[in-house]
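Engineer: What follows is the residue order along each chain.
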Amino acid sequence: MLPEWLRVRRIAAFVFASALTLCGHAFAEGPQSTPSIFAPASTPANDIYHLSFFALEITGAIFVTVAGLLAYVIVRFRAKGDDDPSEPPQIYGSNQVELAWTVIPVLIVVVLFLTTARVIFAIQDAPQPAAALDVTVVGHQFWWEYRYPKQGIVAANELHVPLSSSDHPTPTYLKLLSADTDHSFWVPQLAGKTDLIPMHPNELWIDPLQPGLYLGQCAQFCGVQHANMLLRVYVDTPEQFAAWVSNQAKPGVQDPSVAEGRHVFETQACMNCHAVRGTAATGRFGPDLTHLMSRDTLASGMIPNTRDNLRQWIKDPDTIKPGSLMPAMQLSEQQLDQVTSYLETLK
Amino acid sequence: MADQTLPIHGSLDLTPPREGESTWLETLHSWVITVDHKKLGLMYMMMAIFFLLVAGCEVLLIRIQLIRPDNHFISPQVFNRLFTMHGTTMVFLVGIPLIFAFGNYIVPLHVGARDMAFPRLNAFSFWLTLFGGLFLYYSFIGGAGLYGVGNAPDVTWWAYAPLTAKAFSPGHATDYWALALIATGFGTLGGAINVIATAFSMRCKGMTLMRMPLFTWLLVVDSALLLVTITPLTAAQIMLVIDRYLGAHFFDTQAGGQAIVWMHFFWIFGHPEVYVLVFPAFGIASEVIPVFSRKAIFGYPAMVAASVGIAFVSLGVWAHHMFTVGMTSAGNAFFVLSTMLVGIPTGIKIFNWIATMWGGKIRFATPMLFCTAFIFQFLIAGLTGIMLAVAPWNWQLHNSYFVIAHFHYILVGAIVFNTFAGIYYWFPKATGRMLNETLGKWHFWLFFIGFHVTFDTMHFVGFEGMPRWIYTYPADRGWQHLNLVVSIGGLIQGVAVLVFAYNLFWSLFKGKVAGNDPWDAWTLEWSTASPPPAYNFATDPVVHSRRPLWDVKHPEDPDWKYE
Amino acid sequence: MSAIPLVPGGHEEAWHLPSRGRIGMYCLIIGESTIFLIFVIAYVFYIGKSLYGPTPQQVLEVPIFNTICLLSSSVTIWLAERAIERGIMRTFGLWWAATITLGAVFLIGTGVEWYKLIYHDGLTIRTNLFGTTFYSLVGLHATHVVVGLTMLLLVLLFTLTRHVRPEHSERIQVLALYWHFVDAVWVIVFTVVYIVGR
Chain A
17 MLPEWLRVRR IAAFVFASAL TLCGHAFAEG PQSTPSIFAP ASTPANDIYH
67 LSFFALEITG AIFVTVAGLL AYVIVRFRAK GDDDPSEPPQ IYGSNQVELA
117 WTVIPVLIVV VLFLTTARVI FAIQDAPQPA AALDVTVVGH QFWWEYRYPK
167 QGIVAANELH VPLSSSDHPT PTYLKLLSAD TDHSFWVPQL AGKTDLIPMH
217 PNELWIDPLQ PGLYLGQCAQ FCGVQHANML LRVYVDTPEQ FAAWVSNQAK
267 PGVQDPSVAE GRHVFETQAC MNCHAVRGTA ATGRFGPDLT HLMSRDTLAS
317 GMIPNTRDNL RQWIKDPDTI KPGSLMPAMQ LSEQQLDQVT SYLETLK
Chain B
371 MADQTLPIHG SLDLTPPREG ESTWLETLHS WVITVDHKKL GLMYMMMAIF
421 FLLVAGCEVL LIRIQLIRPD NHFISPQVFN RLFTMHGTTM VFLVGIPLIF
471 AFGNYIVPLH VGARDMAFPR LNAFSFWLTL FGGLFLYYSF IGGAGLYGVG
521 NAPDVTWWAY APLTAKAFSP GHATDYWALA LIATGFGTLG GAINVIATAF
571 SMRCKGMTLM RMPLFTWLLV VDSALLLVTI TPLTAAQIML VIDRYLGAHF
621 FDTQAGGQAI VWMHFFWIFG HPEVYVLVFP AFGIASEVIP VFSRKAIFGY
671 PAMVAASVGI AFVSLGVWAH HMFTVGMTSA GNAFFVLSTM LVGIPTGIKI
721 FNWIATMWGG KIRFATPMLF CTAFIFQFLI AGLTGIMLAV APWNWQLHNS
771 YFVIAHFHYI LVGAIVFNTF AGIYYWFPKA TGRMLNETLG KWHFWLFFIG
821 FHVTFDTMHF VGFEGMPRWI YTYPADRGWQ HLNLVVSIGG LIQGVAVLVF
871 AYNLFWSLFK GKVAGNDPWD AWTLEWSTAS PPPAYNFATD PVVHSRRPLW
921 DVKHPEDPDW KYE
Chain C
5 MSAIPLVPGG HEEAWHLPSR GRIGMYCLII GESTIFLIFV IAYVFYIGKS
55 LYGPTPQQVL EVPIFNTICL LSSSVTIWLA ERAIERGIMR TFGLWWAATI
105 TLGAVFLIGT GVEWYKLIYH DGLTIRTNLF GTTFYSLVGL HATHVVVGLT
155 MLLLVLLFTL TRHVRPEHSE RIQVLALYWH FVDAVWVIVF TVVYIVGR
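Protein chains in written order, with my numbering: chain A, 17 to 363; chain B, 371 to 933; chain C, 5 to 202.
Note that these hints are calculated values from the structure, not bench results.
Hints are not guaranteed to be accurate.
[To be verified] Straight-line C-alpha distance at most 25 Å; calculated DSS-like pairs for lysine-lysine:
{"#": "1", "chain 1": "C", "residue 1": "K53", "chain 2": "B", "residue 2": "K536"}
{"#": "2", "chain 1": "B", "residue 1": "K923", "chain 2": "B", "residue 2": "K882"}
{"#": "3", "chain 1": "C", "residue 1": "K53", "chain 2": "A", "residue 2": "K191"}
[Stated by the list, open to error] Covered, in the sense of this in silico footprint (three residues per stretch, anywhere, with C-beta under 8 Å from a C-beta of chain A), are these stretches of chain B:
{"#": "4", "stretch": "410-417"}
{"#": "5", "stretch": "478-487"}
{"#": "6", "stretch": "663-671"}
{"#": "7", "stretch": "685-697"}
{"#": "8", "stretch": "786-796"}
{"#": "9", "stretch": "839-845"}
Every residue gets a Cβ at the ideal spot worked out from N, C-alpha and C, and that includes glycine.
Pulled out of the complex, with its shape left as it was, chain A reads as follows:
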């Protein structure tokens, strides 16, 4: 038979955990569209998750105790209706009580600090295994550039990483850079966030344990369209990842039937900002378009990658993402059709 206080504590923890579950996050580990911090799918997020519950238990206990005292005091020491004008006994202090409520918090702090420090070192100072994938993430106003140095790939806005497992760990190490202002990479189910600060490289690692699409977004205000700098992390099985890599490594498709569209692309200044590998377009300011059609979304996760959306985006980005740094190039309707058709061949 457990002591009373331990039973009460367990019941309280269970109630709290249930409350969180009712908010829609079972302690699942697969991807979900609500990027909850309580649905970890990767070791850093999982370590944080467990630490957070420990912290919740401690703060929960403190809350129950102190709020309980407050509630008691409000009820028990309320002035009675009678008009008794006498004052209650004046107590000015108590050395023993004050010492106790100083020492106990100090002990709590020591315990919580040591537990926290252990997780900090476990996550930040984890040695990088040889099988890890290196990806360089460059934050831009308002999109994400992904460079895979060993594979020779440049992608944008949709990050593909391999599935990891506890017996065959293949984590992904992200090197975080910025081309302009501060950004922050936050995919809650995979890891805590880390900032992208110009001229100040940072690092973040993830080892996703369930395949699927994980959502997140930039978490440091970076300008007008900070809200739409969305993150999409595709955790691929090893086969899927290999297929994706080999496709991305190919140069851009050169389909002669869309030659007019390609001509529009190359003469209407698109190539000043965008790159299509294997052509004269080597612009770095905007996302690499070599395999644009391999992406599910446009405008950094905002809209589905359909012909109509693509055409509208090229016609006037401000109608979709007002404040985006891509200007409307004032193309004619025919030019728009042509260049959209061209881009649709870039699979």
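Based on these hints, arrange chains B and C on the given structure of chain A.
Structural biologist: Relative to chain A, chains B and C alone:
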């Protein structure tokens, strides 16, 4: 509620009122040229309430925009200006003026002085602060003109570099931000100097430092902290202006400057600043709770020590706002420890307030309702602060709606609640009339309910991964239901504030006459008329304990026997 | 207050409070010191981090003469304080004028140094990190010297028109405190810029 004229000879003004009212122009003139701490305190309060309403309107617009996903109520440009101005206004044009509203009015009365140490500096500080506020708001119409929203700052109230560089913030928005706050910063410095000098150099006879009321102690510690808190921001803002206008490179990453330098300087200001903002709330609690519990404050020396301790430790925790910028693990660990340590003296204060109520005879008039809610909410805010101090968890919670919930729990749940408490408590002293108690209770309950509907819910929005500073969110994130609830709570709080505004105006004209001491309290301000005459006390008071009026009312059991 | 019959053990002893002018000036000094501290931190942090342009070693000459002048002005102002304490206004005026002269020499010397740096060495506030941090830190100090000299000149003017009298000794000392602060800051700035930074 005792209402007695007090047997302290000499402190009551017995001269008959002057015959012949002034014209409204004369009255206005007397306020404009005044150096009287009471009038200046009231003007600071009017400024704070005005900007509270303005910033409140700003956030109502924000909450309407966020009430559902993919909303187009306002554009991203307008939204970004609104939240930047909301934060900047609340911190610098409401929070800081509130310090000097209460401080100016009460500190001289508490120490038995005739006025502040430097009355003219006092007036200068107020007008400079007000000028800074008006200059900041001029940005809405300056620059690009009346179309849209002009050049109001849109870089968040943190104004991180390099977003604030000329390259990324062309136009004058950032300049309005920096220059307006440099101006208010100097006003704040003047106010802080005044409070400290008053408390040290103008105390009445017998009032040793350890006999000053806790409210005044907290204002003194607050002002000392301000001297070393506001100045780093001023320095950083000067650097920013030099960068933008003289081509300097403090934060220019292309020339070797570093964004992180701004972050450190900003948070070296920013963290102690939040303690600066909350100290008056602590002080008000330490006055109201004893009076309405009918007991002396429990552990006065510990309360003083804890306040000083908090001020010192708060100077060493700033990088807990920077856990995600890539500091070393050792650096992160250090700030975890210092942040948790500052929670200890803070917690002690909560225990002392509860211990004061323990064994008392608690009257739940409106000031006490607000103070009791303050204790409950400050406890929760402190605990979510401890959660945020756990650095790895911070890596998830940072810049999410959880953080917004946490700091609004302090700014609204602690500071605004106790500001209301202080207003209900001291309005009778300042005006001679009581605020209406029925309206007060309506105000309290509406605000309490609205507050909890909004900010309790907001914690969970953060758990679900919603970051801050976003003007909209996609429908598939599942955030819309909680956002709807948050917005509704905001509307309820708005209604509560309207009730309060009505109460203020109604009571100014029709409130019950208060007399000198409507609450049967114990500090010196209650020994003089309501409102006090210009010179406060007809003869200088002499005190022998921390509660001079307790000694007068209880000559058989005075405090000085126990101190 | 005489209505209270109980008085706990004679309170007729003297009640001394510190001078509000002094307290106010100490507070101002603490605040200003913090502003300087931030600029010093920026200076120290950016030592050696300029990507291009002149370096301190290349262009800075240690301003020994200027420093001696400024630090001596602390001595002369101290002598002035003692003179007014003793009520000897003529001596006070002379030492006060000497302080102003020494401060002005320091300012002129700074101006000469900056002229050389700008026109001969091509170092401006926008040249590189060194230029940025140097001019802002030394300039911040020079601004405080200008403010101080303005106040000192006003007092000199009032002394010459016989408006300053021995009973103003306390106020003079409060103002002198500001001047001492400016000199103390120079010690720090000098050490950081011309010794550590080179």
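Engineer: Work down the list of hints and note, for each, if the structure agrees.
Structural biologist: Now for the hints, and whether the structure bears them out:
1. C/K53 x B/K536: 22 Å, holds
2. B/K923 x B/K882: 24 Å, holds
3. C/K53 x A/K191: With a Cα-Cα distance of about 23 Å, the restraint between C/K53 and A/K191 holds, given a limit of 25 Å.
4. 410-417: Contact hint for the stretch 410-417 of chain B vs chain A: violated, 0 residues under 8 Å.
5. 478-487: violated (count 0)
6. 663-671: holds (count 8)
7. 685-697: holds (count 3)
8. 786-796: That given contact is violated, which follows from only 0 residues of the stretch 786-796 of chain B lying within Cβ reach (below 8 Å) of chain A.
9. 839-845: Satisfied; 6 residues make the cut.
When each numbered hint is compared with the structure, violations occur for hints 4, 5 and 8.
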